[in-house]
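Colleague: Residue numbers (my numbering), protein chains in the order written: chain X, 1 to 40; chain H, 41 to 262; chain V, 263 to 475; chain U, 476 to 719.
Simulated from the structure, these hints should not be mistaken for lab results. Since this is a predicted model, take the numbers as computed values, not measurements. Among the hints, erroneous ones may be present.
[What the hints assert, rightly or not] Below, simulated SDA-like cross-link-like pairs (lysine to any residue); rule was C-alpha separation at most 25 Å, straight line:
no., chain 1, residue 1, chain 2, residue 2
1, U, K576, X, K31
2, V, K393, H, G64
3, U, K576, X, S17
4, V, K393, H, V85
5, V, K393, H, S43
6, V, K393, V, S416
7, V, K393, H, R63
8, H, K115, V, D391
9, V, K375, H, S43
10, U, K576, X, G37
11, X, K31, U, F596
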Amino acid sequence: MSHWGWVALAYGVTYGSLAAFAASIAIRIRKTRTTLGENQ
Amino acid sequence: MTSGFWHQVRAVADRDLLRERRRGDVLWITIPFGAIALLLVPLAVGTDAALLREIGPGLYWVIVMLFGVLVAVGKASSDTVPQQDASLLLGLDPAAGFVGRAAAATLLLLIFEVVVGVVAVGLYDISIIGVPWLILTVLIVAAGLALLGTLTGSIVNSTSAGTALVPLLVAPLSVPLLLGATQAYEGLRLGHSILSWVLLMVAVVLVVAIIGVLTARPLQES
Amino acid sequence: MTATPLVALSGVGVRIGSTQILRDVDLQIGAGEVLGLFGPNGAGKTTMLRLIATLIRPAQGEGTVLGADLASSDRYDVRRRIGMIGHVPGIYPELTLGENLRYAARVAQVPTKRARESLAAVGLSGAADRKAGASSHGMQRRTEFARELMIDRSLLLLDEPHSALDQDAVDLVEGLIERKAAGGGSVVIVSHDRARVKAIAHRTVELDGGTLS
Amino acid sequence: MTAQTRTRRWPWAASALSLLGAFTLAMVSPADSVQGDLVRIMYVHVPAAWLAYLAFAVTFVGSIAYLVARRLSWDRIAAASAEIGVYFTGLTIALGMIWGKSTWGVWWTWDARLTLTAIMFFVYLGYLALRRTTDDPIARANRAAVLGIVGAVQIPLVHFSVVWWRGLHQPPSIIRPDGPAIQDSMMLVALFVGVVAFTVVYVSLMVKRIELMHLDDRLDAAERAGDQPVAGEAVTAPNLGGSA
C-alpha cells in the first residue's frame with residue numbers, strides 16, 4: 001500500500017474511533033436523560 | 041511496627057500454611073499444573089534439544105509468573121466474611137494480616153518454583169549456574185509474586201468475579217519480575233553483572249509491600 | 263442508666279450497594295445491660311450486629327461503640343473488646359477446634375494455654391483434635407463460645423445463640439451472658455426465640471423495616 | 476435532589492475545532508526526507524501515547540485523592556480517566572502497528588514504548604474489569620483506588636525493565652523504530668498542535684463521561700427515592716392459604 005494509503009488508514013482509525021467513543025457517551029447520556037424524564 | 045504486629049503476622053502465616061498443608065491445593069493442583077505446562081510446550085514447538093535449551097529458562101519463568109500466582113489466591117489464602125470478621129474482632133491489624141498472608145504465599149511459591157524448576161531442568165536440560173545469584177533470584181521472585189498476588193487478592197476480596205480476576209491483574213504487573221528473572225539468568229549465562237536486574241526486582245518487592253501495608257485498612261473497609 | 267452508654271447510635275443508616283438495610287436507627291446500650299433484638303427475616307438484624315461490632319461504617323448518622331466513633335479509625339482499637347458469634351461460624355474448617363482457638367489466642371495475644379482451658383470449659387476438650395470442618399454446627403458454636411471465654415470482652419454480640427445448641431450448651435451460654443452483664447459488660451442477643459431471650463434480657467427492641475421501634 | 480446536571484455543548488465543538496486545526500497542520504507540514512509522508516502518522520501516534528499516560532496520571536491522582544478525601548467525585552474522575560486512558564492506549568497500539576507495518580513491514584516491532592503501552596493497556600483493562608465486578612459504590616471506589624495507585628506506581632518499574640530489556644535486543648537500524656528525528660520546525664508545530672488538540676479531546680471526553688456518571692447516579696438515586704422499600708419489606712409473613 002502507498003504511503004498515503006497508510007496515512008489515510010492511520011487517520012481513519014484515529015478519527016473513526018474517536019467519533020465512535022464520543023458517540024457512545026453522547027448516546028448513553030441522551031438515553032439516561034430520557035429515562036430520567038428530562039429534556040436536553 | 042510493635043512486637044505485637046510481628047506476633048500477629050506469624051499467627052496469620054502459620055494459619056495459612058497449616059490450612060494449605062491440610063488442603064494440599066499447591067502440592068496436588070498448582071504444581072502439577074505448572075509441570076504439565078512445561079510438558080506441553082515441546083509437543084507444540086518441537087523437541088529439538090538446542091531449541092528447548094534456548095527457550096527453557098524463559099519458559100520456566102513465564103510459567104512461574106502465570107501459574108505461581110495461583111498459589112496466593114487458593115482457597116487456603118482467602119477468608120470468608122465471617123472468618124475475616126472473627127479475625128478483626130480479635131484485634132488483627134489488617135496490615136499484619138496482609139504481611140502474614142504474603143509470607144505464607146512466599147513460602148508456598150518457593151516450593152512451587154523449586155519443584156517446577158526441577159521438572160524444567162529435566163525436560164529442557166537447563167544448566168544451573170551462578171547458584172548464589174540464582175537462589176537470590178528465586179527468593180525475590182517468590183516474595184514479589186506472593187506480594188502481588190496477596191495484594192490483588194485483597195483488592196478483589198469476595199467480589200463477584202472473585203479470584204479469577206487476580207491472574208489478569210497480576211500478569212501485566214509481574215513484567216519487571218519476569219524480565220528481571222529472565223535477564224538475571226541470561227546475565228549469569230554470559231557472565232555479565234546482574235545487579236541492576238536484581239535491584240529492579242527488589243524495587244518491585246519493596247513497592248508492592250509498602251502499598252499493601254498502607255492500603256490494608258481501606259481495603260478491609262470494603 | 264446514668265453511666266455513659268457502651269453503644270450510642272443516633273440516626274444511623276446503612277446502605278449496601280443500592281439497597282437500604284437500616285434507616286435512622288437510634289439505640290443506646292448501657293453497661294451491664296442485656297438487650298434482646300427481635301425482627302422478621304431480613305429486617306437487618308445481622309447487619310445491626312456487624313454495625314455495632316464496628317465492621318460497617320454507617321452511611322447516615324453517627325454512633326460510638328465503647329467510646330470509639332464508628333466513622334473514625336479509633337474503632338480499630340476497641341475491636342478486641344467486642345466479641346461476636348454470628349450465624350455462620352468464623353472458624354477455619356481445615357484446622358482442628360484446638361488449632362482454631364490457638365490461632366485466636368495468638369492474634370488476640372493472650373496465653374495460648376487459655377485455649378485448652380476454655381475448650382475444657384465448654385466441654386470440648388475431648389474434641390480438640392477434631393477438624394472444625396468435620397464437627398457439628400453445635401460444636402463449632404461452642405468453640406466460638408470458648409473463644410469468647412478466652413478473651414476479656416466488654417461487649418458480646420450473639421446472633422441466634424440458642425440455635426443448634428443442646429440443653430447444657432444453652433445453660434453454658436446463658437451463664438456466659440449473665441456473667442458478662444454482672445461484670446459490667448453488655449450483651450446484645452439477636453433471636454427469634456422471644457420466650458428464651460425475654461427471660462434473660464433487661465430490655466427488648468423490635469427491628470422492623472430497618473428501623474427500631 | 477442533586478443539582479440538575481446541565482448538558483454541556485462546548486466539549487464536542489471544542490474537540491472538533493481543535494482536531495480540524497491539527498489535521499490541516501499535519502497535512503500541510505513537509506514530508507520527511509527518509510520516511511516520506513509516513514511521518515504524518517506520528518502526528519496522531521505521539522499525541523495518543525501522550526494522552527494515554529496523562530489519563531493514567533489523572534487516575535493515579537484521583538485514586539489518592541479519593542482515599543484521602545473519601546469523596547466519590549474523585550472516584551468518578553479516576554474511573555472516567557482510566558476508561559479514556561484505555562481507549563487512548565488502544566489507539567496508540569493500533570497506530571504503532573500501522574506505523575510498524577508501513578515502515579518495517581511487520582505489525583509488531585517490540586519497540587520499548589509500544590511494548591510498554593501494551594502492558595499498561597492490560598493493567599488498566601484489569602482496573603475496568605475490577606470496577607465491573609463490584610456494585611457497592613463505596614467498596615468499588617476503595618478497591619479501584621488501590622489498583623489505580625498500584626498500576627501507576629508500577630509504570631516506572633515496568634518502563635525501566637522494558638527499556639533495559641529493549642537495550643539488549645536493539646537491532647542496528649538507521650532509524651530507531653521509536654521515531655525519526657524531527658527535521659523541520661513545521662513538523663514540531665504540527666506535533667505540538669496535535670498534542671494540544673488531543674488534550675482538548677481528552678478534557679471533552681472527561682467532561683461528558685463524568686456528566687454521564689452523574690446522570691447514572693441520579694437515575695440510581697431516583698430508583699432508590701424515599702418510597703424505595705427497605706430490603707426487609709420484601710419479606711412478608713408466609714401465607715399458606717388453605718393448608719391442611
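Colleague: Is K115/H close enough to D391/V, meaning Cα to Cα at most 25 Å?
Modeller: holds (22 Å)
Colleague: Against the 25 Å threshold, does the CA-CA distance of K393/V and G64/H hold or violate the hint?
Modeller: Satisfied, since the Cα-Cα distance of roughly 15 Å is no more than 25 Å.
Colleague: Take a quick look at whether K375/V and S43/H sit within 25 Å of each other, Cα to Cα.
Modeller: Within the cut-off at roughly 20 Å; holds.
Colleague: Would the pair K31/X and F596/U pass a check requiring their Cα atoms to be no farther apart than 25 Å?
Modeller: Cα-Cα ~29 Å, so violated.
Colleague: Can the restraint linking K393/V and R63/H be considered satisfied, given a maximum Cα separation of 25 Å?
Modeller: Since the Cα atoms of K393/V and R63/H sit roughly 12 Å apart, the hinted pair holds (cutoff 25 Å).
Colleague: Please work out if K393/V and S43/H have their alpha carbons no farther apart than 25 Å.
Modeller: violated (30 Å)
Colleague: Are K393/V and V85/H close enough, with their CA atoms no more than 25 Å apart?
Modeller: Distance ~47 Å between K393/V and V85/H Cα, so the pair is violated.
Colleague: Taking 25 Å as the top limit, are the C-alpha atoms of K576/U and G37/X close enough?
Modeller: violated (50 Å)
Colleague: Holds or violated: K393/V and S416/V, Cα atoms, limit 25 Å.
Modeller: Since the Cα atoms of K393/V and S416/V sit roughly 30 Å apart, the hinted pair is violated (cutoff 25 Å).
Colleague: Regarding the pair K576/U and S17/X, is the alpha-carbon distance no greater than 25 Å?
Modeller: holds (20 Å)
Colleague: Would the hint linking K576/U and K31/X be met if the CA-CA limit is 25 Å?
Modeller: Distance of about 40 Å is beyond 25 Å: violated.
In this structure, the earlier hints numbered 1, 4, 5, 6, 10, 11 are contradicted, and the remaining ones agree with it.
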